[in-house]
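Undergrad: Chains as they are written, first to last, in the numbering used here: chain A, 1 to 306; chain B, 1001 to 1417; chain C, 2001 to 2369.
Please note that the accuracy of each hint is not assured.
Listed next, the in silico PhoX-like pairs over lysine-lysine satisfying Cα-Cα at most 20 Å (straight line) [unchecked claim]:
1. 2361(C) / 2260(C)
2. 2090(C) / 1227(B)
3. 2068(C) / 2030(C)
4. 2315(C) / 2069(C)
5. 201(A) / 1012(B)
6. 2138(C) / 2166(C)
Because the hints were derived from the structure by calculation, they are not lab data.
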Amino acid sequence: MDFPQFLQQLINGLSLGAIYALIAIGYTMVYGIIGMINFAHGEIYMIGAYIGLITITAIGTMFGCPAWLLIVSALAMAILVTCCYGWAVERFAYRPLRGSPRLVPLISAIGMSIFLQNYIAVLQTTRDLSVPELITGHLFSFTMDGFNVSMSNSRALILIVTIALMATVTIYIRSTRMGRACRACSQDIRMAGLLGIDVNKVISFTFIVGAFLAAVGGVLIGLSINKINPFIGFVAGIKAFTAAVIGGIGSIPGAMLGGALLGLIETFASAFLPTEYKDIVAFSLLILILLIRPSGLLGRPEVEKV
Amino acid sequence: MRGETGMHVVVKDAVIAALVTALLTIPLIGLRLNVESTGLVLRTEMFWPLTAILVVFFGRLILPFIRRPTLPVKIPTEKIIPKIAEYRKVWLGALLVFAVTLPFTPPGGSMLTGLTMAMIYMLLALGLNIVVGYAGLLDLGHAAFYAIGAYTYALLNQYYGLSFWQALPLAGIAAGFFGIVLGFPVLRLRGDYLAIVTLGFGEIVRLLLNNWDSLTGGPDGITNISKPTLFGWEITRRARGEGETLWQFLGVDFVNTYQLIALYFIGLLLVVVAVIVIDRLSKMPVGRAWEALREDEIACRSLGLSPTMIKLTAFSLGSMFAGFAGAFYAAYLGSVTPDSFAFIESAIILSIVVLGGMGSQRGVLLAALTLTLLPEFARDFAEYRMLIFGLVMVLMMIWRPQGLWPASRRRVELPTS
Amino acid sequence: MKAFIFKAAAFFCGLLATTMTFAQTTQTIKMAVPTALTGPVAQYGDMHRAGVRLAVEQVNEAGGILGKKIELVELDDACEPKQSPAVANKVVNDGIKFVLGHLCSGAFKPAAQIYNENDVLMVTSTATTDELSTYGYKLFFRTIGKDGQQGPAAGEYIVKKAKPKKLAIIHDKQTYGQGVATQVRKTVESLGMKPTIFEAINRGDTDYSAMITKMKQEGIDFVYYGGYHPELIVLLKQAKDLALNATWMGPEGAAVPDVKGESAEGLLVTLPPDFSKEPTNAKITEAFKAKNQDPSGAFMMTSYAAVQVLTDAIKGANSEDPFKVADYLHHNKFKTVLGEIEFTPQGDWSTARFDIFVWHKDATKTLAP
Chain A
1 MDFPQFLQQL INGLSLGAIY ALIAIGYTMV YGIIGMINFA HGEIYMIGAY
51 IGLITITAIG TMFGCPAWLL IVSALAMAIL VTCCYGWAVE RFAYRPLRGS
101 PRLVPLISAI GMSIFLQNYI AVLQTTRDLS VPELITGHLF SFTMDGFNVS
151 MSNSRALILI VTIALMATVT IYIRSTRMGR ACRACSQDIR MAGLLGIDVN
201 KVISFTFIVG AFLAAVGGVL IGLSINKINP FIGFVAGIKA FTAAVIGGIG
251 SIPGAMLGGA LLGLIETFAS AFLPTEYKDI VAFSLLILIL LIRPSGLLGR
301 PEVEKV
Chain B
1001 MRGETGMHVV VKDAVIAALV TALLTIPLIG LRLNVESTGL VLRTEMFWPL
1051 TAILVVFFGR LILPFIRRPT LPVKIPTEKI IPKIAEYRKV WLGALLVFAV
1101 TLPFTPPGGS MLTGLTMAMI YMLLALGLNI VVGYAGLLDL GHAAFYAIGA
1151 YTYALLNQYY GLSFWQALPL AGIAAGFFGI VLGFPVLRLR GDYLAIVTLG
1201 FGEIVRLLLN NWDSLTGGPD GITNISKPTL FGWEITRRAR GEGETLWQFL
1251 GVDFVNTYQL IALYFIGLLL VVVAVIVIDR LSKMPVGRAW EALREDEIAC
1301 RSLGLSPTMI KLTAFSLGSM FAGFAGAFYA AYLGSVTPDS FAFIESAIIL
1351 SIVVLGGMGS QRGVLLAALT LTLLPEFARD FAEYRMLIFG LVMVLMMIWR
1401 PQGLWPASRR RVELPTS
Chain C
2001 MKAFIFKAAA FFCGLLATTM TFAQTTQTIK MAVPTALTGP VAQYGDMHRA
2051 GVRLAVEQVN EAGGILGKKI ELVELDDACE PKQSPAVANK VVNDGIKFVL
2101 GHLCSGAFKP AAQIYNENDV LMVTSTATTD ELSTYGYKLF FRTIGKDGQQ
2151 GPAAGEYIVK KAKPKKLAII HDKQTYGQGV ATQVRKTVES LGMKPTIFEA
2201 INRGDTDYSA MITKMKQEGI DFVYYGGYHP ELIVLLKQAK DLALNATWMG
2251 PEGAAVPDVK GESAEGLLVT LPPDFSKEPT NAKITEAFKA KNQDPSGAFM
2301 MTSYAAVQVL TDAIKGANSE DPFKVADYLH HNKFKTVLGE IEFTPQGDWS
2351 TARFDIFVWH KDATKTLAP
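Here chain A stands alone, though its shape is the one from the complex (with noise of 0.2 Å):
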C-alpha cells in the first residue's frame, strides 16, 4: 500500500472511530461511576438518529430551509429529547435497581435495550428509511502519486464535531464543580455520598452527557449513512461498547482512543483481508488486548483488596 492509500484509508478510519468514541464516553462514564454495563446506551444514539430525521422530514416539508439550518435545528432537537431518554432510562429502570447485586441493572438494561428498540419498531416500523442527502461535495480533494485522495464533507463533519465535544467534555470534567463532582463518584461513590455529593445528581448528568454525545453521533451517521433502522443502535453499541473496554473502560481519553483504534483496525483489517474478516480482527484484537492489559489501555489496574 501506497502512501495516498493509506492516507485514504486513514481518514476513513477515522471517521469511523469517531462515531465509535462518541458513543463510547457514554458507556465509560457510566462504568466510571456506578460500575454498570448499560446497554440501552446503543438504543439511545438510535433514537437520537430518529429523531433528528423526524425533525429534518417536519421542518423541510413545512418550509423551504437551507441545508444548515435543518442540520443545525435536527442536532439541537435530538440532543434535546435523547438526554431526555436518557435521564428518563436512569430514573426508571436503574435507580430504583441502586444497592442491588451486580447483575441486576445489566439485566435491567438488557431488558430496556430490548424494549427501547422495539419501542421504536412498532412506532417509526422496522424498514430502512432514507435519511435526505443534505450535506453534499467534499471538504478536499487532490490527487498524489495518480490516486486521488478525498474527504467527503459529511465525514469532515463528523470528525470535527467529534474532537470538539470530546473537548469540551474533557475540559468540562476537568475544571467544573459538576466535573468534580463526577471525578469524585467515580473515585468512590460512598464516600462522595458522605461528603455531601448530590449522587443522584451526578449520576443522571452522566447519563445526560452520554446520551447528548451519542444523540450527536446518531444524527450525524444518519446524515452520512443516509439511512436509518430500528436496529442500527445494538451493532454500533456493540462496538462503540469495546472501543470502550479497549481503551480502558472508566476512563474518558480512554474511550476517545479506543474509538481511534477500533475505527482504524477495522479499516485496515478490511484493507489487507476480504472485508468480512474485518469485525473477527477486531474482536480478536479486543481480547489479545486485554490479555496483556487486563484493563484496558488506559484503565486504572483494580487491587485486590481483602
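Using the hints, position chains B and C against chain A.
TA: Same frame as chain A, but now just chains B and C:
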C-alpha cells in the same frame, strides 16, 4: 421536607415533569415516519402524547398530597422459604406427571412449539447457572457454546450422517472443549472484563460461522438436518432411509402435532437428566468449591483450592450443557444459521438465570418457562410482543431483584458463646 | 409393558387427532403468504403482497374457486433464514396446503424442506436462486426466472456491451446474493474476462469505505453487486463520496424506490421484463394504480401470476390435493399476465427472461441500450 414546600414548588415540579413527558412522547409517539410512494411522510397522532402529558401534570400536582413520606429504601433481604424438602419427592413426581401429560391437554397442545423452545432455554440456562449462579463468573458469550453444539450436530449429520443420539455427546464434548480453550487464558481476568472477553468470543464464533462459507454454509447456514429418532424409530412423516417411522409402527396416520409431541418429550428428557446431574454435581466437592469461589476468591486460594481449575470445571460443564441444547435445537428446527446465536441470545439466557434467582435450579426452570412462553401468550399483540418482553424484564428486576425463586443459601451458624 | 406404553401413547395420539382435525372442514381455501412484513427488505414484501392480494381479490369477486373463497394468511419471516422454519412449521401445523412465497431465497431454503416433507405446495414469485429447484421437490414452482437465467444475462451484458477494463464482483454471502454473483462470475469467465476482485461483504454493515478505497486502488471501473438494496445504497453513496469512477450493476433485488438520488443514476439492473407495459395487462395495471401502487414494481406482476397459475391449477385439477394440483401444473400451459407459462419438471418457468434496465435518480427505469 415535603410539608414545608409551598404550592409554587409543586406547580413548578409538575410543569417540569410535563415538559419532560412532552419531549419524551411528542416526537416519537406523536410524530410517525412512514414510507409512501412519494417518499417519507410524517403523520401526527397527538392523542397519546397529550393524554400522557396531562396525566403526568395533574399526577405531579396531587402526588404530594396523597403520598406518605418516603421511607428509606429497603434492601431486599432473603426470605425464608417454607421447607418443602420433606415432600420433595411427591412434588417432583407430581410435576413430572404434569409435564408428561401436558402436551395431550388442549392448552398444552397449542403451545407445543413454545414448550419445546422452553426446554431448550432451560438446558441453556441450567448450564449458564453453573457458571454465573454457582461459580459467580459473568459470562456474556453463552450463545457461542450453544452455536458450537448446534453446528457440531449439523455438520456431523450433513457430512457423516451421524444420527442425533450419536452426535449429542460429541456436541457436548465439543462445546465443553471450547469452554476450556477459551477459559484457560481468560479466566484470570476479573469481573466485567471476563464478561467482555466472553462477549467478544461469542461474536467471533458467530462471525466465523458466518464467514466460513465452504464449511458452514455462510449466513444461510445448514438446512436439512435430520430429526432425532425415538427408540430407533423416525418421527417424521416419511422415513428418510429404509427405516420405519414410529407412526407406521403404531399404525396411526401422521399428523404434524405428533412430531412436535415427540420432540417435546426428547427435550423434557434432556432437561430432566440435566437437572439431576447438576443437582448431584452441586453437592459434590466441586460444587461446593464453585460456591466457595463465588463468595471469596482470596479465602479459597488461602485454603489451597486452585481458582483456575475450579473456574475451568464450571466453565466447561456449563458450556457442555449449552452444547447439548444446541444439538437439540438443530434437530428440532432442522436448520441452523449463525444469526440464531447472536449476542441477544446470550443476553436472554443470562436474563433467565438472573430472573430465576442465581444458583437456583428451580428458579431457573421457572424463569425459562416464563420468558419463553411470555411471547407465546403475547402473540395476539404480535408487534408489541418484544416490547412487552423488554418491559417485563425491567419490571421484574425492580420487583424482585433477588429472582423469582431464589436459592436458599447453605450456611452453618457459629455457636454463640 | 413396552407394548402397553405404546398402545397408551397411540390412544392419546388418536384422542388428540380427533380434537385437532375438526378445524379442517372450513369453507375457504387457505393460502399462506410468507413474506417480509418487517425488516430491511420489507419493500419487496410490499410488492409481493400487493400482487397476491389484488389477484386474490379478483378471484374472490368472481366467485372464488371450487365454490370456495380464498383466504390469505400473511406471515412474516423478515427474510431471515432464522425465522422462516418457525413460519413454515406454523403453516404446516395450521393445515394450510398452499404457500405463495417465501419472498427471499435464503429464508425459503430451510422452509421449503419443511413444506416438502409435509406435502405443502409452494409457488414463489420472488425467490430466484437456482438451488431451490435442484433438490427434486415435487411441489415446488416459481413464476420468476432463476439466477441461472439472470446471471448470464448480466454477465453477457458486462462482457459484450459494457466492456470494463477491470471488473469487481461483490456479494452479501446470502443464498440469493452469492448465488447470482457466482453465476455472473461463471459467465464472464467463460467469455474470457477475469474479475479483478471477487469479495463478500457483511449484511447490515454501514461503512464500506475501506473496501471502496481498495477497489479504487485496483482501478476498478465496473462493479457487479449481488445482494439486496440496503447495502447497495450505502455502497453507491460511499463510492460516490470517494470518487470511485465505476459503473454499478445489480440483480432485481436492487430495484426498489429507495434506490434514488445522484449516486443511483446510471445503475444497471437485471429485471423481469416490464409486464405492466403489455397492452393485455392494461386492466390490471389500472387496478394497481387505483390502489396507489406502482404496477411496474419488480414483483407485482410475477406475484399476480403466481396466484393465477395456482388457482387455475386447483380449478383444472378440481381438487385441493397438493399432489393433484402439482400434477396439473406440470402438464399444462397457463395464460397469465406474464404471457403463457409452462413449468419444467423441476418447477421452473421454462421461458423466463431478464431484461437490463438503467436506473435513474428519481427511481425510474429505462431499458438499457
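Undergrad: Looking back at the hints listed earlier, which ones does the structure fail to meet?
TA: 6
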